[in-house]
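2 protein chains.
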Amino acid sequence: MSAIINNIEIIKAKSTKINDVDFDDLKFGSVFSDHMLVCNYENGKWQAPKVTPYEPITLDPSAKIFHYGQSIFEGMKAYKDENENVWLFRPLDNFKRLNISAKRLAIPELPENYFMEGLKTLLEVDSDWIPKNEGSSLYIRPFIFASGNGFHASPADAYKFIICTAPSGAYFSGKVKVLIEEKYSRSANGGVGFAKAGGNYAGQFYPTQLAIEKGYQQVIWTDDNTHEYIEEAGAMNIFVRINDTLITGPTSDRILDGITRKSIIQLAEAENIPVEVRKISVKEVVEAAKNGSLKEMFGAGTAAVISPISGFGFKDEDFDIPELEETYASFLKKRITDIQTNKTEDPFGWRYEVK
Amino acid sequence: MSAIINNIEIIKAKSTKINDVDFDDLKFGSVFSDHMLVCNYENGKWQAPKVTPYEPITLDPSAKIFHYGQSIFEGMKAYKDENENVWLFRPLDNFKRLNISAKRLAIPELPENYFMEGLKTLLEVDSDWIPKNEGSSLYIRPFIFASGNGFHASPADAYKFIICTAPSGAYFSGKVKVLIEEKYSRSANGGVGFAKAGGNYAGQFYPTQLAIEKGYQQVIWTDDNTHEYIEEAGAMNIFVRINDTLITGPTSDRILDGITRKSIIQLAEAENIPVEVRKISVKEVVEAAKNGSLKEMFGAGTAAVISPISGFGFKDEDFDIPELEETYASFLKKRITDIQTNKTEDPFGWRYEVK
Ligand SMILES: Cc1ncc(COP(=O)(O)O)c(C=O)c1O
Ligand SMILES: Cc1ncc(COP(=O)(O)O)c(C=O)c1O
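Here the protein sequences come in this chain order: A and B. Position 312 (the first sequence) corresponds to 312 in this note's numbering; numbering is contiguous. Position 164 (the second sequence) corresponds to 164 in this note's numbering; numbering is contiguous.
Not one of these hints is a red herring.
Remember, identical chains collapse to one label, so a pair may be satisfied in a single copy or spanning two.
DSS-like, lysine-lysine: derived pairs with alpha carbons at most 27 Å apart: (1) K355 - K343; (2) K45 - K214; (3) K279 - K183; (4) K177 - K103; (5) K177 - K283; (6) K103 - K262; (7) K103 - K315; (8) K103 - K214; (9) K27 - K45; (10) K103 - K45; (11) K214 - K290; (12) K103 - K183; (13) K295 - K334; (14) K96 - K183.
No lab work stands behind these hints, which were simulated from the structure alone.
Take the sequences, apply the hints, and build the full model.
Structure below.
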């Protein structure tokens, strides 16, 4: 069955898998909707995108993705409100960041309309897959990888841009304890840390496994040169609250410019919460934990939304962050998810209706 | 057609592509032999390897290789001597390095016999593909990537180890001019630079493109913190000769421990060439170029063997390295390729016969 919506060709799946899915018990990113968007870069240009059934990808063994890690991705969510209207959150920022990543990874930049029209069309086709339950959403994964062939270590001549979606529940289950890293690093000055490049994530797995073995869920990365400053977590930017001030590190070429992070900064400012964007030393956080002025610590990212951190480890010492009654984390999380899910006004113009 | 050699199952290709190949005009890594070795990691262990036809790989769109760059590789060569005997060069060192990379990338380590027996069997099956022409060889590409599914940023539960081979000519054509990098970096302290991780290569493409646009072929990476010390090139370690002393930087967690590099150090020592393994500052190299004591500079790696560098750029200035009659580069290249191709004694026990 084939159709055209928004100028985009649609090849429908023969049957749906949706009846196998328990929408009351969704994990993160492990069941996939019926369709995907596919767009190929060939002969020096991005070809028209298509919606196809969610189906396997076939590649030559010499495809450069297998050898040289030339890949980038984005992470977004779609929400359905009470009236079945569908919303995205700042989607153009994801599009722009995808192209920032593309440039650094020598991947050809994608035209905006292929991204936006492609995404909207895919969401229309699979709108039944967008969860309505509180705390659930449709996780959206746009990605681009090198599908061109050859062992020469140079950019590929062919790429695939794909969007898959996965109805998802919470990223973390339970409390999050983090380990402040003093040996391994996530990114280099002048490297690709600011890009959502596949290789940035693989490099974190081993140090994170070591942290998990010690009883933590995540690593907080520090700068690779001195390990004295807090950078970010695996897939979240990091905020600390010292007394009543909310602090987050500045972005740099080592740190992802998170959309949740910058939204939180704006929200907090609008709510008259004192916010500082400046370097945060590990020493300062340890001292604040010791003298009781460290009131909160939380991660912020699309997948994890706002995830409170209950304690951290550093140099074989463990520090608990006592639970407060009223936290910035829960206040800001409610503010941001209410905007995302169309439960409240959107003074910032962040919400984007898919129709 | 199916058979068993060295305990390994072989599924033969229906026909050969070898008659389409011009062995007198081989590029690097762009035509592939008839077969490949495939070994899957599933249910917590590496399953028995198989030789199969060289054929496409089919993966779910959520396979972690597409999203998180969890992949590693090796590069080796097989040589055929006058008597049609087949030789490898220090293959166990490649195997060990593959497992060093595997550990850092949270990929399950591979058993030695799967690698060695698998490789030997593949070379037996495709022995006709090993070139005999001077300067050509069979480039061997062992690689492992995450084939397991899911969007959670964590190690996959399934992997594929594959060996493909490609009859290949020279990696570089013509003179190599390099740019000493002062802005971008290849790797972080505590990062994955010492591993042959896919993502390390993608990160180099964009800065290398910028260098190519300026008329250079390669970037020489410097440390990400000060950019004051020379590290290595895209797929080669770097040697400089100042007066009569051959110098190369020490390996570290940022630099690949190249097999060619360490062989050259041993060869030079055996030939009474003064060798130093120590940090090389850019300043020292620039000064040596200015006062004429910089006699040679060359890259060393399996693909590029020993590639003389004819000049370098640094901070908008260009430095030529005048051509000598007798160079360490050509002397050492002959020594190492004579050993590799069984034209001479092998006092170090590096050669490994495939039979
Ligand atoms: C490394 C890293 N930092 C931070 C974030 C948070 O960014 P965003 O809020 O745009 O999702 C992510 C995830 O997207 C990430 O991968
Ligand atoms: C980054 C890097 N450095 C150095 C080398 C040289 O190592 P080897 O001599 O073992 O091939 C390679 C290629 O293999 C490489 O990829």
